[in-house]
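Each residue of the sequence shown is one higher than the last, beginning at 2 in our numbering.
These are computed hints drawn from the structure, not numbers from a lab.
Keep in mind the model is a prediction, meaning the values are calculated, not measured.
All residues carry an ideal CB built from backbone N, CA and C; glycine is no exception.
Don't take every hint at face value.
Stated by the list, open to error - With a cut-off of at most 16 angstroms between alpha-carbon atoms, the simulated EDC-like pairs for lysine to aspartate or glutamate come out as follows:
1. K115 x E52
2. K23 x D47
3. K65 x D31
4. K65 x D36
5. K65 x D45
6. K23 x E60
Stated by the list, open to error - Each pair of labels, with its calculated beta carbon distance range:
7. L85 x R19: 20 to 26 angstroms
8. L84 x N159: 27 to 33 angstroms
9. E60 x A17: 19 to 25 angstroms
10. E82 x S16: 27 to 33 angstroms
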Amino acid sequence: MVVTFIGHRNLRFDSAFRLQLKELILSLIDDRGADTFLFGSRSDFDSLCLEVVTEIQRERRGIKRVYVRAEYPHIGEDYEEYLLGSYDATYIPENVVEAGKAAYVARNRHMIDKADLCIFYYDETYNPPLKPTAKGCVTCEPPKSGTRAAYEYALSRNKEILNLFSFSGAYTLQK
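Please construct the entire structure, taking both the sequences and the accompanying hints into account.
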């Protein structure tokens, strides 16, 4: 079973959330056969999930951590060695290489397509900071959250989704 993690960029998690996340991942491994975990980057949620899966991997050698890159189609040995210090494998999907500014969107879609289960940390009330739409603009258009875009894509693909935003130990899967 392949699991991917996607969440908002700047977050803080307490030790209780971390423990619940670890118990959830262990149950996915033990009860559902989860063995491959796909990670993106640039999110505190991704970082926390990587830490927890790495901790679990010390006891459960059969699981694999994969970093799906959104940048650098060709990487040197030094950078690959650096990445493989935290992950078991890394690659960049072909559709991401030519995606330009949409590389992170394309990467997230790829991870969702590959996953059997998508674990999100998605707050539907979250709005990213405003950015000007053009030089010197007077009004600003609110940008769409990348996590929201990924969540909506996963829904449109009828993926099994677990949103941990209001996680309390008990969880329900959405499809």
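Now for the hints, and whether the structure bears them out:
1. K115 x E52: violated, 22 angstroms
2. K23 x D47: holds, 13 angstroms
3. K65 x D31: holds, 14 angstroms
4. K65 x D36: holds, 6 angstroms
5. K65 x D45: Cα-Cα ~20 angstroms, so violated.
6. K23 x E60: holds, 13 angstroms
7. L85 x R19: 20 to 26 angstroms: Since L85 and R19 have Cβ atoms about 25 angstroms apart, the given range 20 to 26 angstroms holds.
8. L84 x N159: 27 to 33 angstroms: holds, 32 angstroms
9. E60 x A17: 19 to 25 angstroms: Since E60 and A17 have Cβ atoms about 21 angstroms apart, the given range 19 to 25 angstroms holds.
10. E82 x S16: 27 to 33 angstroms: Because 32 angstroms falls inside the window, the suggested range holds.
The structure does not agree with the numbered hints 1, 5 stated previously, though it agrees with the rest.
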